[in-house]
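Trainee: Numbering that gives the first Met the number 0 numbers the first residue of the sequence shown as 0 and each following residue consecutively.
Don't read these hints as lab results, they were simulated from the structure.
Watch out, some of these pointers could steer you wrong.
[As the list claims (entries may be wrong)] Taking lysine to any residue and the SDA-like style, the derived pairs with C-alpha atoms no more than 25 Å apart in a straight line are:
no. : residue 1 : residue 2
1   : LYS27     : PHE126
2   : LYS195    : LYS27
3   : LYS16     : LEU215
4   : LYS16     : HIS144
5   : LYS227    : ARG205
6   : LYS131    : LEU110
7   : LYS53     : ARG121
8   : LYS195    : LYS227
9   : LYS52     : SER164
10  : LYS131    : GLU118
11  : LYS27     : GLY167
12  : LYS227    : LEU81
13  : LYS53     : HIS78
14  : LYS227    : GLY237
15  : LYS131    : GLY167
16  : LYS30     : SER164
17  : LYS195    : SER225
18  : LYS27     : SER156
19  : LYS195    : ASP206
20  : LYS131    : ARG92
21  : LYS52     : PHE224
22  : LYS181    : SER156
23  : LYS16     : PHE75
24  : LYS52     : GLU118
25  : LYS30     : LYS181
26  : LYS52     : LEU110
27  : LYS53     : SER79
Computed from a predicted model, the values in this text were never measured in an experiment.
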Amino acid sequence: MRTFVIGDVHGRLWLLKQLIEESGMDTKNDKIVFLGDLIDRGENSPGVVEHVKKLQSENPNVITLRGNHEQMLLDFVDHSDLNWLHPANGGSRTLAQYGSPVEGENGFTNLNIPEQHIEYFRSTILFHEDEKAIYVHAGLTPGVHPSADDPHNLLWSRNQHFYDSYDGKLCFFGHTPTRYIKSGVLRHPHAVFVGKHAIGMDTGYRDDDPLSCMRLDDMTVFQKFSEKDVESYQVAVG
């Protein structure tokens with residue numbers, strides 16, 4: 000069984016399907032870890048959720064982490080927290096895709112997010128660990144195991160010390176587009192971030208940004224752009 004880890008999808012269903020197909024994932028047998036932020040900003044967040052739910056129903060080795068965008072949706076549903084609806088976060092677009100458009104000051108009349116999707120978001124986990132790595136949405140507090148860390152850090156942190164200096168068990172994270180992570184190494188803005196023992200897989204959500212995954216068995220990165228076939232390259236850590 001091979002292991003693949005997929006960065007922040009952000010509603011880009013077509014890219015996700017193409018990445019899975021063109022990278023050669025065996026969705027019935029390979030282990031596939033989604034690092035969170037399945038939703039928001041892209042063209043079909045409900046479709047992404049439905050597709051990943053289907054993959055998970057067919058393969059118990061499909062793991063979905065909770066991202067800060069899933070958490071914002073749950074905070075909106077549970078506590079009427081409007082942060083999710085800020086234009087920068089993309090929640091209004093996702094609501095419209097579910098059939099609940101936000102219309103000016105009048106808001107919306109019905110919340111049409113299916114209950115099974117809300118329960119799916121509730122079922123997502125804050126981190127996953129196996130013999131190969133730790134997987135988390137945003138990052139780790141150096142020296143603290145994720146089981147003992149503040150959930151807010153796992154979902155929201157942007158810690159340059161983690162990017163620069165983390166040297167614990169190999170860790171895969173998303174959340175921060177890699178173009179914004181400072182490093183002393185010149186790299187392409189679409190490249191994954193490779194630190195000492197931390198690898199950032201969120202390569203952005205703009206129209207020209209790729210969706211990225213890595214096959215851990217040989218540290219091969221696969222990237223799907225909207226107008227190109229999947230490109231691949233290998234990385235090394237340490």
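Trainee: Now look at each hint and say whether the structure bears it out.
Mentor: Tested hints:
no.	hint	in the structure
1	LYS27 x PHE126	holds (22 Å)
2	LYS195 x LYS27	violated (32 Å)
3	LYS16 x LEU215	holds (20 Å)
4	LYS16 x HIS144	violated (33 Å)
5	LYS227 x ARG205	holds (15 Å)
6	LYS131 x LEU110	violated (40 Å)
7	LYS53 x ARG121	holds (16 Å)
8	LYS195 x LYS227	violated (30 Å)
9	LYS52 x SER164	violated (35 Å)
10	LYS131 x GLU118	violated (29 Å)
11	LYS27 x GLY167	violated (31 Å)
12	LYS227 x LEU81	violated (37 Å)
13	LYS53 x HIS78	violated (29 Å)
14	LYS227 x GLY237	violated (31 Å)
15	LYS131 x GLY167	holds (12 Å)
16	LYS30 x SER164	violated (28 Å)
17	LYS195 x SER225	violated (30 Å)
18	LYS27 x SER156	violated (33 Å)
19	LYS195 x ASP206	violated (30 Å)
20	LYS131 x ARG92	violated (36 Å)
21	LYS52 x PHE224	holds (23 Å)
22	LYS181 x SER156	holds (15 Å)
23	LYS16 x PHE75	violated (29 Å)
24	LYS52 x GLU118	holds (11 Å)
25	LYS30 x LYS181	violated (30 Å)
26	LYS52 x LEU110	holds (20 Å)
27	LYS53 x SER79	violated (29 Å)
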